[in-house]
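Asker: Single-letter residue listing:
2 protein chains.
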Amino acid sequence: MKYFVVSENDHNEIVSAAYLKRGYLVDEANEAARLCTEASRHGIRTHNAIKALHLDEMLGSGSKGCVPGAEIIEKPSRFPAVKIWDAQQKLGQATGYRALEKCIQLADEYGVGIVAVDNAFHYLWGGGYMLEAARRGYFAYTNCTAALAEVVPFQGKFPTLGTNPHSWGFPTADAVGFPIVIDWATSVVAMGRVEQFKREGMTLPPDAAVDKDGNVTQNPFEAAALLPFGSHKGYGLSLINELVAGLIGGSLPTIRNRWIDEDDGEKRGACFFFQVIHPEAISSGLFAKGRDQSGNIKAVIDDILGHGNEKCLLPGQLESNAAKLTEEHGGLLFSEAEVKEFNELAQECGKAPWEQSLLKTVSI
Amino acid sequence: MKYFVVSENDHNEIVSAAYLKRGYLVDEANEAARLCTEASRHGIRTHNAIKALHLDEMLGSGSKGCVPGAEIIEKPSRFPAVKIWDAQQKLGQATGYRALEKCIQLADEYGVGIVAVDNAFHYLWGGGYMLEAARRGYFAYTNCTAALAEVVPFQGKFPTLGTNPHSWGFPTADAVGFPIVIDWATSVVAMGRVEQFKREGMTLPPDAAVDKDGNVTQNPFEAAALLPFGSHKGYGLSLINELVAGLIGGSLPTIRNRWIDEDDGEKRGACFFFQVIHPEAISSGLFAKGRDQSGNIKAVIDDILGHGNEKCLLPGQLESNAAKLTEEHGGLLFSEAEVKEFNELAQECGKAPWEQSLLKTVSI
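Protein sequences appear in the order of chains A and B. Each residue of the first sequence is one higher than the last, beginning at 1 in my numbering. Each residue of the second sequence is one higher than the last, beginning at 1001 in my numbering.
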């Protein structure tokens, strides 16, 4: 497939301008662009700037889910290693990056740092924050409640859970050349994939979706809701996000981000949970054969991917390969359709569009 | 099925005696009996005292995996909210309970507490510790590396991962009547289940096991190794335990608990990761409709299990139902085969066996 190479600067200029036009502050617009750049750099097409701005329009500042310029309030607490924030529906990427920085500060002091965020708006790509933490040498974890309830509990009929993702990052750059980042939703597939299956005339994987009566279907046109992966296990993982959010201050999943019937006294925002652990804090120092911590991780991974498992991938490896391609070609890679969308965006916010014929192309 | 009702005292007397006979200290024997009692009380037959003592014989004090009377060494650390322990292969249940207590102390002070344990021996039932933490009002998490590498990485051929369980406990007793405990291994089934499928002449679920060449098989007699649940997602979850253990000080999964060729300079023990969070530390206090934190959790769960999902179970519900049965019948419930095994154990350690004809029976 043919891709166009766009410099990060050119990309960020348009993306920031689009966020500024919607009323976001300069720092918010930059943080928004930063996560989108990271997503595109790592081949995460589902969370590039086009998708982020679309989400903002549908559920964020274009609706009542996100408030440009909102200030995060830190709630008083007697617990020094954990912070609790009321994000007042600030932009998700800005809140996410700031929560991560705070966790890192806390982890440097206490060994572990947690920031729990109430009244949040979708942070897009949890793996992006974890990648950043892992790159800086930390072991990190985050979860959030997804914007809409699209997933049916195990043995249920009606979607009352979000796709509720979990993301972990490990400081393995020295050991394997890139940070291991485990990052996925708790549904078998995302709703976007169901749409793709419709377009491509394909059948869904088994146990991925149910019809309007709650019966499992592989017909994407009949799919009304999603199923958690791994039966009761994925269901449990999805519940975790709702229970953590429930402890933080989040409210009913079925009305989340649905800004109708607002005077019912309920809340509609998402919650985030961020945690960072300093790897020295959990190191016994007792590594076999005189290894250091990183050497030990390498030995463990070599053992797991040895013995005939040499072709197995590590989580984060595909993203790392994509980042290498980005570096090799000197810019972010976008399809022709994506370039077109960026150029429409540029026009909307008064920026010069990219001259497609001048962009370098690569075939991959 | 018919069960015999055995008082906790009678049960603990035999179990403690069996551990004492193997050289364990009084406190260790009591901690061992405590976890086994909790397992049997909650219907966890895979981790009752018979299984625990069998494991200890095969991989613990009967081998070189566990050292009766071992002292836990706390390693020096500059991070106040995280402790790192060298368990020196102390009994898993004793180490597990003590790590949990330390986490609770730390969470009371810092909001979150972590204990990472190196040179550990199998703690049996992670859910048991989480149940205890949740019952006392905390949000807790643990993982450990399993004793043996039985699981093949996603798209691999050879077992290099443990069944590596994850367990979470939530303080939901006020909200739903019992603590929600999410607790499972990262393989589709356990090796014990494969044996059961053999005995019962049944075929394995799809994608649960591979034969000696790494090809997926549903024939339990051909099953040489297990597969992670949920393809790459369960693989990622299993990797987490190995990576965390690798950061702590754990070594190669394929030699774990295999005490042959010991002078290779490698380590063979397991690692534990325990974490407890004080629920107040992550509470924004901003609950809708004037709810308190527990009322909010209840509202969230009511929403998830409403809308036609009323028949769905919560994780921990079956265990809670089993505990109610135990209470109702006034003792732990064991099958005839289990009573026989306990009586053999009693004879081995010079205790009076249970007079089967005098035990109350119930049919369930």
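Simulated from the structure, these hints should not be mistaken for laboratory data. Keep in mind that a hint or two might mislead.
[Unchecked claim] Some residues of chain A that are not near chain B, with every Cβ distance over 12 Å (derived):
1. His54
2. Leu55
3. Ala299
4. Asn321
5. Lys324
6. Glu344
7. Ser357
8. Leu358
[What the hints assert, rightly or not] Derived Cβ-Cβ restraints for the label pairs, each shown as a range:
9. Glu262(A) <-> Gln1317(B): 30 to 38 Å
10. Arg45(A) <-> Leu1313(B): 32 to 40 Å
11. Val1362(B) <-> Ser231(A): 45 to 53 Å
[Claimed, not checked] Below, in silico cross-link-like pairs of lysine-lysine (DSS-like), each with a Cα-Cα straight-line distance of 30 Å or less:
12. Lys51(A) <-> Lys198(A)
13. Lys1075(B) <-> Lys75(A)
14. Lys212(A) <-> Lys1351(B)
15. Lys212(A) <-> Lys1298(B)
16. Lys1289(B) <-> Lys298(A)
17. Lys102(A) <-> Lys1075(B)
18. Lys311(A) <-> Lys1267(B)
19. Lys298(A) <-> Lys1311(B)
20. Lys1267(B) <-> Lys64(A)
21. Lys1102(B) <-> Lys102(A)
Backbone N, C-alpha and C define an ideal beta-carbon position, used for all residues, glycine too.
Asker: Each hint needs a verdict: does it hold in this structure or not?
Answerer: Going through the hints against the structure:
Against chain B, the non-interface label of His54(A) holds: every CB pair exceeds 12 Å, the least being about 26 Å. Against chain B, the non-interface label of Leu55(A) holds: every CB pair exceeds 12 Å, the least being about 23 Å. Non-interface call for Ala299(A) relative to chain B: violated, since the shortest CB-CB distance, roughly 6 Å, does not exceed 12 Å. With a cut of 12 Å on Cβ distances, Asn321(A) stays outside the contact zone with chain B, its closest approach being about 15 Å.
The non-interface label for Lys324(A) is consistent with chain B: the shortest C-beta to C-beta separation is roughly 21 Å, beyond 12 Å. Every CB of chain B is more than 12 Å from the CB of Glu344(A) (nearest about 35 Å), matching its label as outside the interface. Non-interface status of Ser357(A) relative to chain B is upheld: no Cβ of that chain comes within 12 Å, the nearest being about 40 Å off. At roughly 39 Å from the closest C-beta of chain B, the C-beta of Leu358(A) stays outside 12 Å, upholding its exclusion from the interface.
The hinted window of 30 to 38 Å between Glu262(A) and Gln1317(B) holds, with their beta carbons roughly 34 Å apart. The supplied range of 32 to 40 Å is met by Arg45(A) and Leu1313(B), whose beta-carbon atoms lie about 37 Å from each other. Checked against the given bound of 45 to 53 Å, the beta carbons of Val1362(B) and Ser231(A), roughly 30 Å apart, lie outside it. Between Lys51(A) and Lys198(A) the alpha-carbon distance is near 19 Å, which keeps this suggested pair within the 30 Å criterion.
For the given pair, Lys1075(B) sits about 34 Å from Lys75(A) by alpha-carbon distance, which is inconsistent with the 30 Å threshold. At roughly 61 Å between alpha-carbon atoms, Lys212(A) and Lys1351(B) are farther apart than 30 Å, so this suggested pair is violated. Under the criterion of a C-alpha separation no larger than 30 Å, the hint pairing Lys212(A) with Lys1298(B) is consistent with the structure, at around 26 Å. Restraint check for Lys1289(B) and Lys298(A): not satisfied, since their Cα atoms lie roughly 51 Å apart, outside the 30 Å limit.
With a C-alpha separation of about 27 Å, the suggested pair Lys102(A) and Lys1075(B) falls inside the 30 Å cut-off, and the hint holds. Note on Lys311(A) and Lys1267(B): the hinted pairing holds, with a Cα-Cα distance of about 26 Å set against a maximum of 30 Å. With a C-alpha separation of about 46 Å, the suggested pair Lys298(A) and Lys1311(B) falls outside the 30 Å cut-off, and the hint is violated. Between Lys1267(B) and Lys64(A) the alpha-carbon distance is near 55 Å, which puts this suggested pair outside the 30 Å criterion.
Taken as a hint, the Lys1102(B) and Lys102(A) pair is honoured in the structure, with Cα atoms around 25 Å apart against an allowance of 30 Å.
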